[in-house]
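Read off the chains here:
There are 2 protein chains.
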Amino acid sequence: MKHDVVIVGGSAGGIQAAICTQKHHGTEDILVIRQEQKVVVPCGIPYIYGTLGAVDKNIIPDKMLGNAKVKVGEVTAINRGGKTVTLANGEEIGYRKLVLATGSNPVCPPIPGVDKKNVYLVKKDPDYLQQLSTAMDQAKHILIVGGGFIGVEFADECRKRGHQVTMVELLERCLQLVCSTDLCVRAEDVLRKSGVNVITGTSVKSISGNSQVESVELSDGRSIKCDMVILGIGVAPNTKLAQEAGLQIGPSRGIKVDEFQRTTDPDILAVGDCAEKYSFFNGEPVPVRLASVATREGKIAAANLYSARWRNVGTIGVFSTVVGDTAIAMAGLSDIQAAKMGFDIVVGEAEAASKHPGTMPDAKPMKVRLTFDRRSGRLLGGCACCTMTAGEVSNLIAAGIVNGMTIEQVALFPMGTHPWLTASPLAYQLTDAASNALHKVVHTP
Amino acid sequence: MKHDVVIVGGSAGGIQAAICTQKHHGTEDILVIRQEQKVVVPCGIPYIYGTLGAVDKNIIPDKMLGNAKVKVGEVTAINRGGKTVTLANGEEIGYRKLVLATGSNPVCPPIPGVDKKNVYLVKKDPDYLQQLSTAMDQAKHILIVGGGFIGVEFADECRKRGHQVTMVELLERCLQLVCSTDLCVRAEDVLRKSGVNVITGTSVKSISGNSQVESVELSDGRSIKCDMVILGIGVAPNTKLAQEAGLQIGPSRGIKVDEFQRTTDPDILAVGDCAEKYSFFNGEPVPVRLASVATREGKIAAANLYSARWRNVGTIGVFSTVVGDTAIAMAGLSDIQAAKMGFDIVVGEAEAASKHPGTMPDAKPMKVRLTFDRRSGRLLGGCACCTMTAGEVSNLIAAGIVNGMTIEQVALFPMGTHPWLTASPLAYQLTDAASNALHKVVHTP
Numbered sequence: 016m017k018h019d020v021v022i023v024g025g026s027a028g029g030i031q032a033a034i035c036t037q038k039h040h041g042t043e044d045i046l047v048i049r050q051e052q053k054v055v056v057p058c059g060i061p062y063i064y065g066t067l068g069a070v071d072k073n074i075i076p077d078k079m080l081g082n083a084k085v086k087v088g089e090v091t092a093i094n095r096g097g098k099t100v101t102l103a104n105g106e107e108i109g110y111r112k113l114v115l116a117t118g119s120n121p122v123c124p125p126i127p128g129v130d131k132k133n134v135y136l137v138k139k140d141p142d143y144l145q146q147l148s149t150a151m152d153q154a155k156h157i158l159i160v161g162g163g164f165i166g167v168e169f170a171d172e173c174r175k176r177g178h179q180v181t182m183v184e185l186l187e188r189c190l191q192l193v194c195s196t197d198l199c200v201r202a203e204d205v206l207r208k209s210g211v212n213v214i215t216g217t218s219v220k221s222i223s224g225n226s227q228v229e230s231v232e233l234s235d236g237r238s239i240k241c242d243m244v245i246l247g248i249g250v251a252p253n254t255k256l257a258q259e260a261g262l263q264i265g266p267s268r269g270i271k272v273d274e275f276q277r278t279t280d281p282d283i284l285a286v287g288d289c290a291e292k293y294s295f296f297n298g299e300p301v302p303v304r305l306a307s308v309a310t311r312e313g314k315i316a317a318a319n320l321y322s323a324r325w326r327n328v329g330t331i332g333v334f335s336t337v338v339g340d341t342a343i344a345m346a347g348l349s350d351i352q353a354a355k356m357g358f359d360i361v362v363g364e365a366e367a368a369s370k371h372p373g374t375m376p377d378a379k380p381m382k383v384r385l386t387f388d389r390r391s392g393r394l395l396g397g398c399a400c401c402t403m404t405a406g407e408v409s410n411l412i413a414a415g416i417v418n419g420m421t422i423e424q425v426a427l428f429p430m431g432t433h434p435w436l437t438a439s440p441l442a443y444q445l446t447d448a449a450s451n452a453l454h455k456v457v458h459t460p
Numbered sequence: 016m017k018h019d020v021v022i023v024g025g026s027a028g029g030i031q032a033a034i035c036t037q038k039h040h041g042t043e044d045i046l047v048i049r050q051e052q053k054v055v056v057p058c059g060i061p062y063i064y065g066t067l068g069a070v071d072k073n074i075i076p077d078k079m080l081g082n083a084k085v086k087v088g089e090v091t092a093i094n095r096g097g098k099t100v101t102l103a104n105g106e107e108i109g110y111r112k113l114v115l116a117t118g119s120n121p122v123c124p125p126i127p128g129v130d131k132k133n134v135y136l137v138k139k140d141p142d143y144l145q146q147l148s149t150a151m152d153q154a155k156h157i158l159i160v161g162g163g164f165i166g167v168e169f170a171d172e173c174r175k176r177g178h179q180v181t182m183v184e185l186l187e188r189c190l191q192l193v194c195s196t197d198l199c200v201r202a203e204d205v206l207r208k209s210g211v212n213v214i215t216g217t218s219v220k221s222i223s224g225n226s227q228v229e230s231v232e233l234s235d236g237r238s239i240k241c242d243m244v245i246l247g248i249g250v251a252p253n254t255k256l257a258q259e260a261g262l263q264i265g266p267s268r269g270i271k272v273d274e275f276q277r278t279t280d281p282d283i284l285a286v287g288d289c290a291e292k293y294s295f296f297n298g299e300p301v302p303v304r305l306a307s308v309a310t311r312e313g314k315i316a317a318a319n320l321y322s323a324r325w326r327n328v329g330t331i332g333v334f335s336t337v338v339g340d341t342a343i344a345m346a347g348l349s350d351i352q353a354a355k356m357g358f359d360i361v362v363g364e365a366e367a368a369s370k371h372p373g374t375m376p377d378a379k380p381m382k383v384r385l386t387f388d389r390r391s392g393r394l395l396g397g398c399a400c401c402t403m404t405a406g407e408v409s410n411l412i413a414a415g416i417v418n419g420m421t422i423e424q425v426a427l428f429p430m431g432t433h434p435w436l437t438a439s440p441l442a443y444q445l446t447d448a449a450s451n452a453l454h455k456v457v458h459t460p
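So the sequence lines, in the order shown, correspond to chains Y and H.
The first sequence begins at 16 in my numbering and counts up one residue at a time.
The second sequence begins at 16 in my numbering and counts up one residue at a time.
Okay, chain Y solo, but in the shape it has when bound (with noise of 0.2 angstroms):
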């Protein structure tokens, strides 16, 4: 059997790649070949144990896929020379254009215990998640490794859940491998005050009990009591059958691919997690590992596969997480990024209620802070918070970085405002951070 398309992979990337095929190239003839009879919404995972409380309620519908058929297997080799692709069962399958979308697995780190019953990883699997969630149920005291998006989020939905949490993470903050420090600090200091026991600036050295997780003891002498211990330390490219197939691996390991996400073989194409990413501010291999990045580059994979038609510009990084009831959103480069990248930055803050006039029922404070290149005037980066609008003011800084705005145009940028869904004209976050941010640059007369 050959497909004009096969996708390998059925998360995010693999999906949106099915999705656009069909709407560039018209081709219907798309085969998607997955592990999971079911696919999770890679963000909704930690809400399955709070908010949502199932695995079923954060599974994404097949019928995404419009007219693109779904098998459920495992990809076992590529034989590019014959183009073809091998699967568990024998089976081969033939393609004229394979994407590949093969995601990332959890990063299990080689700590003594780590294979005790009640560790678990944040794998992207229904079933086991469901193992996570009967096991929660018996769980009281459960502790997260690691203080990224993954680790804050589980803390504070396992918190919600009623059970008692300790979040450990090596950094000084949590989240401080994307966030400002003052962001990194209200997220802990929420995470504190909801009760959850959060430790940084400490490493986890060995997990202890029986067969069963009975405590964990960390590398400054303590030693926490705790029945469950969630692992959610970061994830690693998941490019084994793209390295057996002989296709070049980046430096931050994943799959090398050019602006248009074409690997090193012309019919094969990567996205997602599996596929390398390079910096927009200065094209070097990042890190950055995200479903709304992965769908992006399925966009332009979908777009490119019988020709070069979208240039990938660069991975910008856009991060939104809720703390309780704290919204924290970032785009682009944090200052220590963009200072590793020899940029002299200037930066402008501005705070005002949320709606206006301050009177307005919930009105809370709304922060903007922006990082901007002193010698171009460019935007490089910044960061929105606390208010549930924070994710979509994310995307307005996303657009004056994508868009190479100055200071001086994000100060005149002409916003639209209302009372109950914006800052006052007169202290609109945005456009005032940026004013705040000429007004150290330029001198007056």
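No wet-lab data here; the hints were simulated from the structure.
All values reported here derive from a predicted model rather than from experimental measurement.
Hints are not guaranteed to be accurate.
Same chains, same names: a pair is fine if it fits in one copy or spans any two.
No farther apart than 25 angstroms at their CA atoms in a straight line, the calculated lysine-lysine pairs in the DSS-like style are these [to be verified]: (1) Lys-208 - Lys-455; (2) Lys-355 - Lys-78; (3) Lys-72 - Lys-379; (4) Lys-240 - Lys-84; (5) Lys-379 - Lys-175; (6) Lys-138 - Lys-220; (7) Lys-455 - Lys-78.
Chain Y is fixed; fit chain H onto it per the hints.
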């Protein structure tokens, strides 16, 4: 007494000019002359009568003005030769640079009976608005003339306050001047379901009653009993001072300004509702009068007081409102406006749950509709509804417009997503609307 900068008018444009004069020039010798003791938040006026409950809760604090001084009084003449303004009390005040921010006045339609007691305009005057509030306490049935933003918001707020409400709009649809038909229909539906009697395609012929209004007669012959009428049919630029001083007036009746907000006198600038606006799309005059536009012009004028620094690239027009719990927001050209300007348009729409998965609490349908120029591919306008992020999403659309983003660029926009904050990355409305528009113009190979 002579000041470096004198600003006539103390609402949004004047305040922003005062703030930014200090930021740009370090000038502290700024005098704001205004007629009101206190300044109301202009967009908050309808909310005084329902959500906020009091005029005092809708005041812009004078501390926003920083070190600028305030004089309450009426400027009756500008003496351009001597560079002074004359106040009603005879006082003469000198200026080096003068900024006119004299705003607009509500249009009073020439309807018989319009002078009766309990017929009110929507004036930005706290004392007048307080009188309206006191009178409203006694009113049972309020009839609102005009179904633009101000009319719709007054209708919704008066309804919340427990009044019987009728809204009469001359055009076929409420909000028709700026909204696409589907949004107009949605707003009308929400109002009707909440109990407002919405009458469109009908004009008011007369207002009857003894001293006080008792009924309103419509062009279709109907007579509506009511004991209060609120006239919200629009505003006219307040250009009396400027005209009497011999400054040129533009075709849409605002004070003529160049792209640096300078009037025909190089020492006088004008901003906000009193100043002429020019379309971002074709440079033609446009009658857009919004506080957000006024503040942007205040920023530009302040920068340009002593030399041309910031160019006004034109007015895009970003509007939003909330009716019941339905937010409606739009940016740029409506289809009708675009067609009038001669654009051959292509439209794309996308609707998806506002959170993801759609099983997240309070997830609601959220729709984005985008209008592009078929020839250049550029984004011309768009709208978002109906969740509370619509305001910021319309700002995202505005960012696309002001940066000249094309269909492809919007389809590939590197948005971030989060379960609590946005749609799924597989169904993000902005990018999907562009993608759907794209496939109307791109043919399959």
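Structure-based check of each hint:
| no. | hint | in the structure |
| --- | --- | --- |
| 1 | Lys-208 - Lys-455 | neither (36 angstroms within a copy, 52 angstroms between copies) |
| 2 | Lys-355 - Lys-78 | neither (44 angstroms within a copy, 40 angstroms between copies) |
| 3 | Lys-72 - Lys-379 | between (31 angstroms within a copy, 16 angstroms between copies) |
| 4 | Lys-240 - Lys-84 | neither (48 angstroms within a copy, 63 angstroms between copies) |
| 5 | Lys-379 - Lys-175 | both (23 angstroms within a copy, 23 angstroms between copies) |
| 6 | Lys-138 - Lys-220 | within (23 angstroms within a copy, 69 angstroms between copies) |
| 7 | Lys-455 - Lys-78 | between (52 angstroms within a copy, 22 angstroms between copies) |
Hint violations for this structure: numbers 1, 2 and 4, all remaining hints satisfied.
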